[in-house]
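Residue numbers (the working numbering), protein chains in the order written: chain E, 148 to 378; chain G, 64 to 309.
Treat the hints as calculated values from the structure; they're not laboratory data. Keep in mind the model is a prediction, meaning the values are calculated, not measured. Honestly, I wouldn't trust all of these hints.
Said to hold, decoys possible - Here are a few chain G residues that sit away from chain E, every Cβ distance over 10 Å (derived from the structure):
| id | residue |
| --- | --- |
| 1 | W79 |
| 2 | R216 |
| 3 | W293 |
Unchecked claim - Only part of the chain G face toward chain E is listed, based on derived beta-carbon distances under 8 Å:
| id | residue |
| --- | --- |
| 4 | V71 |
| 5 | W74 |
| 6 | F135 |
| 7 | A137 |
| 8 | A141 |
| 9 | L147 |
| 10 | Y149 |
| 11 | A150 |
| 12 | A245 |
| 13 | A263 |
| 14 | F270 |
| 15 | V274 |
| 16 | Q277 |
Unchecked claim - Straight-line C-alpha distance at most 30 Å; calculated BS3-like pairs for lysine-lysine:
| id | chain 1 | residue 1 | chain 2 | residue 2 |
| --- | --- | --- | --- | --- |
| 17 | E | K198 | E | K302 |
| 18 | E | K316 | E | K335 |
| 19 | G | K126 | E | K316 |
| 20 | G | K126 | G | K200 |
| 21 | G | K267 | E | K335 |
| 22 | E | K316 | E | K302 |
Backbone N, C-alpha and C fix where the C-beta goes; we use that ideal spot for every residue, glycine too.
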Amino acid sequence: MRWEWLPDYLPALAEGLLITLEVLVVSVVAGFALAIPLALAQVKGGYLARKLAGAYCSYIRGTPLLMQLYLLYYGIGSLFPLIPGARENLMWLIRLDAIYYVILAFTLSFAGYEAEIMRGAFLSVPGGELEAAEAMGMSPGLVLRRIWFPSAFLKVLPTLTGEVIGQLKSTPLAFTVPVQDLMGVAHKVMQDTYRIYEPLLFVALVYLALTYVIVQAFGRLERLVPQRRSV
Amino acid sequence: MHLFAAAVPLWTLLSWGDQGYGDELFWGACHTLEISIFGYALGLGLGLLGAVGKLSSAGLLAKGLNGYTTLFRALPEAILIMLLYYAGTDALNGLFALVGIGALQVSGMVAAIVVLGAVQGAYSTEVLRAAIMAVPKGQIEAAEALGMTRFLRFRRITLPAMLPNALPGLANLWLNITKDSALVSLVGFTELALATQQAAGVSKRYFVLYVTAQAIYLAISQTSIAGFGWAERRLRRGQRGPVAVP
Chain E
148 MRWEWLPDYL
158 PALAEGLLIT
168 LEVLVVSVVA
178 GFALAIPLAL
188 AQVKGGYLAR
198 KLAGAYCSYI
208 RGTPLLMQLY
218 LLYYGIGSLF
228 PLIPGARENL
238 MWLIRLDAIY
248 YVILAFTLSF
258 AGYEAEIMRG
268 AFLSVPGGEL
278 EAAEAMGMSP
288 GLVLRRIWFP
298 SAFLKVLPTL
308 TGEVIGQLKS
318 TPLAFTVPVQ
328 DLMGVAHKVM
338 QDTYRIYEPL
348 LFVALVYLAL
358 TYVIVQAFGR
368 LERLVPQRRS
378 V
Chain G
64 MHLFAAAVPL
74 WTLLSWGDQG
84 YGDELFWGAC
94 HTLEISIFGY
104 ALGLGLGLLG
114 AVGKLSSAGL
124 LAKGLNGYTT
134 LFRALPEAIL
144 IMLLYYAGTD
154 ALNGLFALVG
164 IGALQVSGMV
174 AAIVVLGAVQ
184 GAYSTEVLRA
194 AIMAVPKGQI
204 EAAEALGMTR
214 FLRFRRITLP
224 AMLPNALPGL
234 ANLWLNITKD
244 SALVSLVGFT
254 ELALATQQAA
264 GVSKRYFVLY
274 VTAQAIYLAI
284 SQTSIAGFGW
294 AERRLRRGQR
304 GPVAVP
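In isolation and in its complexed conformation, chain E is listed as follows (with noise of 0.2 Å):
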């Protein structure tokens, strides 16, 4: 084991955590708010929004990651040559930077795991609760909001942990595209020294530190809220 390249490289890792970070926060911010409308369409929507919203799930559950990063980031940009007029109009997005690719992969995903959760809380909500609020005369935007969303999320919180956690340990597939997060950095570290456990290492236990954050955050979280814990 040697670490003396630990010091040179340790304000980038510093910056790859940061980035990590952000897409960690991000996607699952942004997840989960488009995994909401996702959930709904399937209970509550027409034939077409349910059928839709499931297979979309369903292909985000059903596929890697890391394939539908690269379609996103590859696959699109591909595209760009062929429509006339692309190349002139689209050029921003063709020079964004991967991490917004990432992010935007990152978030899709999330939402397609979280809206199945979703689903089966916003089901297990007793239906008596949703007519007694509609016959106190709540909209059914106010009865989502007052109260199917506010039941239904207190159902996933201890879930949400767990999902939390995967999505962090999907976030160093960033580093396949190319984006300077935690891992990007390992992995320029592990081309310009030639060492390749170290900075495995470095990065595994971060990662481990990470959860273990993430772990008590969510903790200290569902203890704030007021449930029955006898069986």
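Given the coordinates of chain E, work out where chain G should sit on it, guided by the hints.
Same frame as chain E, now just chain G:
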């Protein structure tokens, strides 16, 4: 098709032979299935050993197994697969050198299977342990009272009784390994993901090729979901209550 007027037509791109990449994708998909199936089987074997070990000991063995399942499930699969791949091939080559055979090229497929299986084993251990624990204690005590040996008890009572409990978890693990197998492309084993990447790199037809590859992955996962649903209905024959089918 105006969009693809300048390029090779789609059917040529996906055809068999020198002109197209149909055969490359097909063999890539075969490799994906191969490493998934053997990795899954290896993981199940490790998981069964791990679950029994965790449940039947409280000492050092249980602690070690706890460390294995916790660590392997907490680390990102991509990093774990790279670490295990490099460490495993290095260790093997070191071993060969020690014995005096000299550095051998470890088969990429074997390495991929072992790495995927080791990761899968940690998850399988937890699924199987929970399923075994859900078997009613009375059934095992009854078997004991009948004078069955420990092994016979496990084979005749615990194993068949826990299988329906384990199946949903095992189905999930199978779906996960077919997707995680794409990560083996990061260490250079040519399964479907890497075969697609190579084909796309040469032909520059990224979009079409990635969509095709994803369709193959999707076909694998949807077929598997249907298959596991059938298996669960079959295993739950004779059980009371509504049959939970995904």
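Quiz prompt | Status of the hint placing Y149 of chain G at chain E (closest C-beta pair under 8 Å) | solution = Holds. Min distance 5 Å.
Quiz item: K126 of chain G and K200 of chain G: Cα distance at most 30 Å?
Solution: Roughly 24 Å separates the two Cα atoms, so the pair holds.
Quiz item: Are K126 of chain G and K316 of chain E close enough, with their CA atoms no more than 30 Å apart?
Solution: Given pair K126 of chain G, K316 of chain E holds - Cα atoms ~24 Å apart, limit 30 Å.
Quiz prompt | Pair hint outcome, K267 of chain G versus K335 of chain E [Cα-Cα no greater than 30 Å] | solution = holds, 26 Å
Practice problem: Examine each Cβ of chain E, and state whether all of them lie more than 10 Å from the Cβ of W79 of chain G. | Solution: holds, 22 Å
Quiz item: With a cut-off of 8 Å, does the beta carbon of W74 of chain G approach a beta carbon of chain E closely enough for the hint to hold?
Solution: violated, 17 Å
Quiz prompt | Restraint outcome when A245 of chain G is required to lie within 8 Å of chain E by C-beta distance | solution = holds, 4 Å
Self-check item: Given hint V71 of chain G near chain E, where the shortest CB pair must fall under 8 Å
Solution: Check failed: Cβ of V71 of chain G comes no nearer than 13 Å to chain E, outside 8 Å.
Exercise. Verify the interface restraint on Q277 of chain G: the C-beta must sit less than 8 Å from at least one C-beta of chain E.
Key: holds, 5 Å
Exercise. So, F270 of chain G near chain E? Judge it on the closest CB pair being under 8 Å.
Key: At 4 Å from the nearest chain E Cβ, F270 of chain G passes the 8 Å test, so the hint holds.
Quiz item: Measuring from the C-beta of A141 of chain G to each C-beta in chain E, is the shortest one below 8 Å?
Solution: holds, 5 Å
Exercise. Verify that the Cβ of W293 of chain G lies farther than 10 Å from every Cβ atom of chain E, and report whether the claim holds or is violated.
Key: holds, 18 Å
Against the hints set out earlier in the document, violations occur for numbers 4, 5, 6 and 9.
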